[in-house]
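> Listed below are the residues making up each chain.
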Amino acid sequence: METQQRVPVTILTGFLGSGKTTLLNRILSEEHGKRIAVIENEYGEVGIDQALVIDAEEEIFEMSNGCICCTVRGDLIRVLGNLMKRRDKFDYVLVETTGLADPGPVAQTFFMDDEIGSEFALDGIVTLVDAAHINQQLGRSDESTEQIAFADVLVLNKTDLVNGEGLDGLESRLRDMNRMAKIVRSEKANVPVETVLNLGAFNLDQALERRPTFLEPEYPFEWTGVYSLEPGRYELSLAEGPDPSMSLVVVTDQGKEDEALRQSAEWCVRRYAEPAENLNPGETIPAGQHVNLLLEASGRKSFMLEIESHAQLGLYTQHTAEEFDIKLIREENKQEIPFEVERTWVAQHEHDDEVGSIAIERDGDVDNEKLNKWLGKLLSERGVDIFRMKGFISIAGESRRFVFQGVHMLFDGQPDRPWGDTPRRNQLIFIGRNLDEEDMRKGFDECLV
Amino acid sequence: MSNQSKKGILRRGWTSSVDDYAISGGWSLGGEVLMVADASGGIFAFEGKSGDVLWSQQKVHEGSGLATSIHPSGTKFATAGKDGKVLVWDVSKGNVMQTLDAGSGWVENVVWSPDGQWLAASCSRQVRVFNEDGQEIWQSDDHPSTVSTIAWSGSTELATACYGRVSFFEAASGKLSQKLEWQGSLVSMVLSPDGDIVACGSQDNTVHFWRRSSGKDSMMSGYAGKPSALAFSANGILLATGGGQDVTVWSFQGDGPEGTEPGFLEFHEQPITTLTFACRGMNLASGSRDGEVAVWSLKSGKQGKGIGVAVALDAVSQLYWRPDDRALAALDAQGCITVWRT
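If you read the protein sequences in the order shown, they are chains A and B.
By this note's numbering, the letter at position 168 of the first sequence is numbered 168, and the numbering carries on one by one without gaps.
Numbers in this note's numbering are just positions in the second sequence, counted from 1, shifted up by 1000.
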């Protein structure tokens, strides 16, 4: 018997009034020539003839073992189990959940139930967000938080009801909670259909291809400048800025290409993790060390840099050069040396919500055994609080990269394409509640070879 | 399975087809007719020996047919569908004798009582019982969740299973006579012929069973998948269970099956979809997702031995032994009907 193509399923979540039904009707009314079945958990006035609409009351089935990842949606098993008993199978299934639905069991149904998993493939979770009300909703209910945390696409809807600044703030709040999701703005759920269907978000082969930069990691520094310097003494001059001190790491022999910058950035992250040495104005900045420039005194302050032979110097500074009007001046002729290359980094900042994303990006290989141990422990202890995870790993001794994804404690991974000449590295993202970022980073770093 | 080169006891009979996924059916009129309902709402009456279509009707249920039951007399056939209706058919004439209103959703189960006096049907969270005249005698209160399956523990008592519970109702009054609780989604149910043992397959890949007389219950775990196929031997000693590609057989002889090792019948390479014991004796038929069909002799106990194999066109949805056990019918996902002589 030939293996049949599995029917993709998209889950639409979002609070009542966020525009789920509008989006659903929009998808159904497009000319796509596809046979779509819709499973609805709440009355939603879907009125399109070409789709089969099935109303099903939400039924959450917990198991006697108490394991939350075994919790599935009985109504979906029943309805989907029945939909597959047709010779003219559907091309697509859309599930519209209630506003208060927990997306976990919905997603888990496709992994926990063998019969459903063999016929249907979860394609993606799309969460509609009412831009005007989400801030209050997030404060009041776990469900809306989880719907955001689980999403592959966040449709920020009703944007006409909120001003631009408000929207930017909202988007940044959502981004903090879920850095894996694509955020699209809309007024009346009028988003292009292809932004919400056929995402392949749960397909290991596709998930990472679609958004190769889904991980823009956070760094403890915001700015890097690369300077080409002749031997001699230099002054690093700073004006008064927003903070009474600023951290810095100086890298000698800094390349100007993006790849070289990224590699040094990784190295600097580790330097930044070490305690900083305080330096007063006038003191000399050692290369390759985490230092903290004390800037309490008023007016411009200077720190010294000694260059013994021609060097390309990289400054990795906690704040941008602009904020402190950073200048590099050659001492002997007081000539200002401009940077040849600069780049900014996404800075770490405080996360207000309990739910957030943790991105880990590291070069090099990991020890398979250590990784399994760490991940196994993490999932058994924190699986309840980890909603989604995704990424790829470079396992020592393996010629191919290993891609993985998971929902709560359910974990799915497989070898992917060969590394070839590309630099071996690791990218992991976790979305969850009250995750200890430092602890997780440390745990992963200990797995590195 | 030994002796795979020969087909064993399954010899070619006839094949035919219906219009869509063959959902359910059964032998009627003492094996003269095979009734089949399909997913497009069609029903077919096949002549038992030749496979010729005696009569058929299309779209008798709007949406799809979901369940069927043959009346113990063999003359009537009940079909249930997504339209909330149960239809009672005269098998020989091919006409609808009764149209019963079973609720406003999908009617997922319909079963005649062993004495043919009652017809039970479940729709969403309720179950209804009708008498032979087609009058509704009672309907249950809402179960805690959608009723997944129903069965008669005898002619006077109906059992229902849903998430977390098996309930028993007196056939004539609808009075709730017993409630067995277990936190798990019960997806299948079978009762021992004496009605004492209730076995349920659960979504968490276990089989849970209760002895009603003693109130003792047990759980059998270790299944690779959810045990959606269950069958009790006619003597009440062996319980055959699916839940993976092996048939797992538990023996209730002596103090078992607690603390005993089950028998494993190994042949299928895909999960078991259906199991059925012959009407008499200890032959068991099994069907799997890849369309394989096997017959096992369990005469000497739970270990069993394979005595016949054959293949249907697609995933086997149901297997039916003819009342004289001289033929076995397979319904499959392509709508193909295959009958072997045994």
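Treat the hints with caution; some may be incorrect.
[Claimed, not checked] In the DSBU-like style, the derived pairs of lysine-lysine whose C-alpha atoms are separated by at most 35 angstroms in a straight line are:
#, chain 1, residue 1, chain 2, residue 2
1, B, Lys1082, A, Lys34
2, A, Lys89, B, Lys1049
3, B, Lys1085, A, Lys85
4, A, Lys34, B, Lys1049
5, A, Lys89, B, Lys1179
6, A, Lys89, B, Lys1216
7, B, Lys1093, A, Lys89
8, B, Lys1093, B, Lys1059
9, A, Lys85, B, Lys1305
Source of the hints: derived by calculation from the structure; they are not laboratory data.
> Could you tell me which of the numbered hints above are not met by this structure, giving the numbers in increasing order?
Violated: hints 4, 5, 6.
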